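Residue numbers (full-length UniProt numbering): 1 to 209.
If you're looking for bench data, these hints aren't it; they were derived computationally from the structure.
All values derive from a computational prediction rather than experimental measurement.
Glycine included, C-beta positions come from ideal geometry on N, C-alpha and C.
Incorrect hints may appear among the rest.
[What the hints assert, rightly or not] Lysine-lysine pairs mimicking DSSO-like chemistry, simulated, CA-CA at most 30 Å apart:
no., residue 1, residue 2
1, Lys199, Lys156
2, Lys58, Lys156
3, Lys58, Lys209
4, Lys61, Lys209
5, Lys136, Lys61
6, Lys8, Lys207
[Claimed, not checked] Label pairs and their in silico Cβ distance ranges:
no., residue 1, residue 2, range
7, Ala66, Arg165, 43 to 53 Å
8, His18, Asp59, 17 to 27 Å
9, Val137, Val22, 31 to 41 Å
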Amino acid sequence: MTAVIGLKATTLTPFAYHSLAVQGGTATLPELISDSALCFGLASALGYARAWCALPAKDYKRDWSAMPWRASVLTTQQPRLLPPIARRLNLEEEGGFQKKLRDVVSKGNLKQFWSIQEVPPAVQFQGALFGPDPFKVVGADEIVIRVGLHRNGMVKLEPDRTVERVRLNAATAMLFEQELQVERFLLYGLQLTAPMPLKDATDEVRKWK
């Protein structure tokens, strides 16, 4: 790893994840963008993502090990969510299922209508990237990555020299057999450490290999 880059991330379009179950649908955790969303989005934007004709077996350690970066979680001090909006999946027509499924599509995993809550545009997050400086690689001061369900969201990344403390994801550390003390357990894949100085965070992520 050759650099520690403080980051400012600004949402350009709404995005959502199925983070939390709520009545009639799901809601996104509005206060953060995960380290995996950041690094996988950056890898895709810079051409590191491999083209597959079918999805490979899920193996996050393999994929993390193939990337030149590690990252903190991106966090915001002003989390916001848009009002719930409805989504529809027409299983009979789009999925090619028979009409008799109408008896069961109104509930459970086959429910046709559900709601999501998205993070709005213009929300700013901060964090850090550890590894080669992607801004120098592309010769630009801004990089736009895609995040969220189906990569529908767009986030602008910029260098930020004001970043002094960051949170790491202990769940990512566990992939590399490293243990970090967890301050906030949000989801199994999102276990946040307490904020730590960039130097301490750098020393930790150097072990993730």
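Verification of the hints:
1. Lys199 x Lys156: holds, 25 Å
2. Lys58 x Lys156: Since the Cα atoms of Lys58 and Lys156 sit roughly 27 Å apart, the hinted pair holds (cutoff 30 Å).
3. Lys58 x Lys209: holds, 18 Å
4. Lys61 x Lys209: Holds - the C-alpha atoms of Lys209 and Lys61 are around 9 Å apart, at most 30 Å.
5. Lys136 x Lys61: holds, 26 Å
6. Lys8 x Lys207: holds, 25 Å
7. Ala66 x Arg165: 43 to 53 Å: Violated - the Cβ-Cβ distance for Ala66 and Arg165, about 28 Å, lies outside 43 to 53 Å.
8. His18 x Asp59: 17 to 27 Å: holds, 21 Å
9. Val137 x Val22: 31 to 41 Å: holds, 40 Å
In summary, the structure is inconsistent with hint 7 from the numbered list given earlier, while agreeing with all the others.
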